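S.K.: Protein sequences, first through last, are from chains S and U.
Counting from 23, one number per residue, gives the positions in the first sequence under our numbering.
Counting from 23, one number per residue, gives the positions in the second sequence under our numbering.
Don't read these hints as lab results, they were simulated from the structure.
The reader is advised that the hints may include incorrect statements.
Copies of the same chain look alike in the list, so a pair counts if it works inside one copy or between any two.
[Claimed, not checked] Result set (DSS-like, lysine-lysine): computed pairs, CA atoms no more than 30 Å apart in a straight line:
id: 1; residue 1: 200; residue 2: 253
id: 2; residue 1: 242; residue 2: 200
id: 3; residue 1: 49; residue 2: 230
id: 4; residue 1: 125; residue 2: 218
id: 5; residue 1: 200; residue 2: 125
id: 6; residue 1: 118; residue 2: 310
id: 7; residue 1: 100; residue 2: 257
id: 8; residue 1: 336; residue 2: 256
id: 9; residue 1: 118; residue 2: 311
Since the structure is predicted, the reported quantities are computational estimates derived from the model, not experimental observations.
Protein chains: 2
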Amino acid sequence: MYFIGIDLGGTSIKAGVVTPECAILAKSQRPTGACRNYSEIIRDMAETAIEAVQKAGIGMAEIKSIGIGSPGTVDKSKGMISYANNINMRNVAVCKEMRKYIKKPVFIENDANCAALGESEAGAAKGVKDSVVITLGTGIGSGVIIGGEIYSGFNGAGAELGHMVIVSGGVECTCGRKGCWESYASGTALIRETIKAAINNPESLINKLTSQNMSHINAKTAFDAAKMGDKTAKKIVDDFIMYLGEGITNIINAFQPEIVVLGGGISNEGEYLLSPLREFIDEHRYTKKETPSAIIKKSELGNDAGIIGAALLKN
Amino acid sequence: MYFIGIDLGGTSIKAGVVTPECAILAKSQRPTGACRNYSEIIRDMAETAIEAVQKAGIGMAEIKSIGIGSPGTVDKSKGMISYANNINMRNVAVCKEMRKYIKKPVFIENDANCAALGESEAGAAKGVKDSVVITLGTGIGSGVIIGGEIYSGFNGAGAELGHMVIVSGGVECTCGRKGCWESYASGTALIRETIKAAINNPESLINKLTSQNMSHINAKTAFDAAKMGDKTAKKIVDDFIMYLGEGITNIINAFQPEIVVLGGGISNEGEYLLSPLREFIDEHRYTKKETPSAIIKKSELGNDAGIIGAALLKN
Chain S
23 MYFIGIDLGG
33 TSIKAGVVTP
43 ECAILAKSQR
53 PTGACRNYSE
63 IIRDMAETAI
73 EAVQKAGIGM
83 AEIKSIGIGS
93 PGTVDKSKGM
103 ISYANNINMR
113 NVAVCKEMRK
123 YIKKPVFIEN
133 DANCAALGES
143 EAGAAKGVKD
153 SVVITLGTGI
163 GSGVIIGGEI
173 YSGFNGAGAE
183 LGHMVIVSGG
193 VECTCGRKGC
203 WESYASGTAL
213 IRETIKAAIN
223 NPESLINKLT
233 SQNMSHINAK
243 TAFDAAKMGD
253 KTAKKIVDDF
263 IMYLGEGITN
273 IINAFQPEIV
283 VLGGGISNEG
293 EYLLSPLREF
303 IDEHRYTKKE
313 TPSAIIKKSE
323 LGNDAGIIGA
333 ALLKN
Chain U
23 MYFIGIDLGG
33 TSIKAGVVTP
43 ECAILAKSQR
53 PTGACRNYSE
63 IIRDMAETAI
73 EAVQKAGIGM
83 AEIKSIGIGS
93 PGTVDKSKGM
103 ISYANNINMR
113 NVAVCKEMRK
123 YIKKPVFIEN
133 DANCAALGES
143 EAGAAKGVKD
153 SVVITLGTGI
163 GSGVIIGGEI
173 YSGFNGAGAE
183 LGHMVIVSGG
193 VECTCGRKGC
203 WESYASGTAL
213 IRETIKAAIN
223 NPESLINKLT
233 SQNMSHINAK
243 TAFDAAKMGD
253 KTAKKIVDDF
263 IMYLGEGITN
273 IINAFQPEIV
283 VLGGGISNEG
293 EYLLSPLREF
303 IDEHRYTKKE
313 TPSAIIKKSE
323 LGNDAGIIGA
333 ALLKN
């Protein structure tokens, strides 16, 4: 038997056929068209899934269940998307709608939680019971695994670690609070600080690397310039790692997971990011140096974590 | 059968005989004498427990097990206190030592975790699976209950929510970080701010209430003066509630517990504290207004939470 995992995003719908060993047999993808009516999006989700099954060269009879990873808040027990900001869905019975097209059990879960489950079952946190997966992207996605299972609290809305205030009264966040971790340690925050520094420091390599064009600045720019010795960029990177470390230290003091997995584009900076980050955390965590603490690792499944985690969903 | 719960504190050792229904039959207490050798403290713990059993008018044969709630970091599986700052214990095999005096199974757990278990089984969080107990005292104690059990991570050192930075780079904390929640929302923080305001505002009622004597200022002073209409005190209380709210909102966004219980002396301010606190949290939590969110309640067991929770400890 195989499992279908669907990663529903603001930009694209990705579906994969996943083996019981968590390998992806085949994938398919199409644009979400997020502004469309929800029924069209769900029909496209079903078609993308059917396409993946065909690509895998198997029959639908060999599929046991379908899992959907969705942004926003999800009501697992009702199989609904309660609220998804960037896909314009509110209280939509997604699982029921999906079964109109594919007559299989359909499960749904928050996308960051799916990614965490994927890494826990088949990726960087394989073999440990308690882990946290942090995805650094436009925002900060996060999923918490406790005892091998997704933990999201009594209402399924927990593990929103990006919306933990670390600078009370600080930069305004999309959630309405001021000073959320996401406003200091996401890709968006890094780009904001890089643009600010480029303006204030015309001599910085940042400006050369982007041909003086601010719109070319991305979450990699400051890291690239810092590695080439640019002091302005080094300061941006240092501050970014400090804020990233503040949040992860908070998470460790609260959850004491065995492994913290970092995903998203920024995690590709590898040891240049991870090494000083580990140092910061080791210096600031509540437990003394002699107490074992979380291992900080890069994601192993990358963009596939969401598909694999969704495929693993069950009752 | 009955259970003994011991609450080991920096100031006193408290022991109670607890029924299976979580009622306390009898209690006994003596000073900790924290600077003494650990073996003397443990002998006194045993004697206090024996005293409580005698007061209860039962025999030791009717005791099933002993639980100890200890400050600091505990190694449950080894029955050891790994590190307790204010009792000068490091890697002490407390459970084994206790069994020299009382031949019963002995269990140990962090004291804040015991208080959380007590409230969960028999207090303000009775009947729900996921809860968080916050004790506002000298510091901020915290315990997390998930699925009816104490959650403390892979190394047993988790749920240290007081050491979550909410003001990066802010007030220095005893743990070495800057800007921990504990440095803004504990009794100590409240007293610090009250003293500061009393000095800067000689006309404030705070000074009258304490006969101009700073050493009379306690965690109740600002609340008392604020209730009498003093503007300076009102500002202290407002700021305190804001910082308390920032931390609890972070906890809700992370854990989404069904109930958050507030304990410690400051929680006796009741609705004067809780009502604006709930308003702040409702405005700032990540989930939308229509999503159910944690109920914020005052502790029901008060100082007995630790004894009852310790008595509930088992393998």
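S.K.: Please sort residue 118 with residue 310 into within, between, both or neither, judging by C-alpha distance up to 30 Å.
M.R.: Between copies, since 24 Å is at most 30 Å while 50 Å is not.
S.K.: Please sort residue 336 with residue 256 into within, between, both or neither, judging by C-alpha distance up to 30 Å.
M.R.: neither (45 Å within a copy, 52 Å between copies)
S.K.: Could you place residue 118 and residue 311 in one of the four classes (within, between, both, neither) given a Cα distance threshold of 30 Å?
M.R.: Intra 51 Å, inter 26 Å, cutoff 30 Å: inter-copy only.
S.K.: Please work out whether the CA atoms of residue 200 and residue 253 approach to 30 Å or closer within one copy, between two copies, in both situations, or in neither?
M.R.: both (29 Å within a copy, 25 Å between copies)
S.K.: I want to check one pair: residue 125 and residue 218. Are their C-alpha atoms no more than 30 Å apart within a copy, between two copies, both, or neither?
M.R.: neither (52 Å within a copy, 67 Å between copies)
S.K.: Within, between, both or neither: how does the pair residue 49, residue 230 come out at a Cα-Cα threshold of 30 Å?
M.R.: Close neither inside one copy (39 Å) nor across copies (74 Å); limit 30 Å.
S.K.: What label fits residue 242 with residue 200 when the C-alpha limit is 30 Å: within, between, both, or neither?
M.R.: both (25 Å within a copy, 29 Å between copies)
S.K.: With identical chains treated as interchangeable, where does the CA-CA distance between residue 100 and residue 257 reach 30 Å or less: within a copy, between copies, both, or neither?
M.R.: neither (48 Å within a copy, 45 Å between copies)
S.K.: Please sort residue 200 with residue 125 into within, between, both or neither, judging by C-alpha distance up to 30 Å.
M.R.: For residue 200 and residue 125, neither the intra-copy (45 Å) nor the inter-copy (55 Å) Cα distance is at most 30 Å.
The structure is inconsistent with the numbered hints 3, 4, 5, 7, 8, although it conforms to all the rest.
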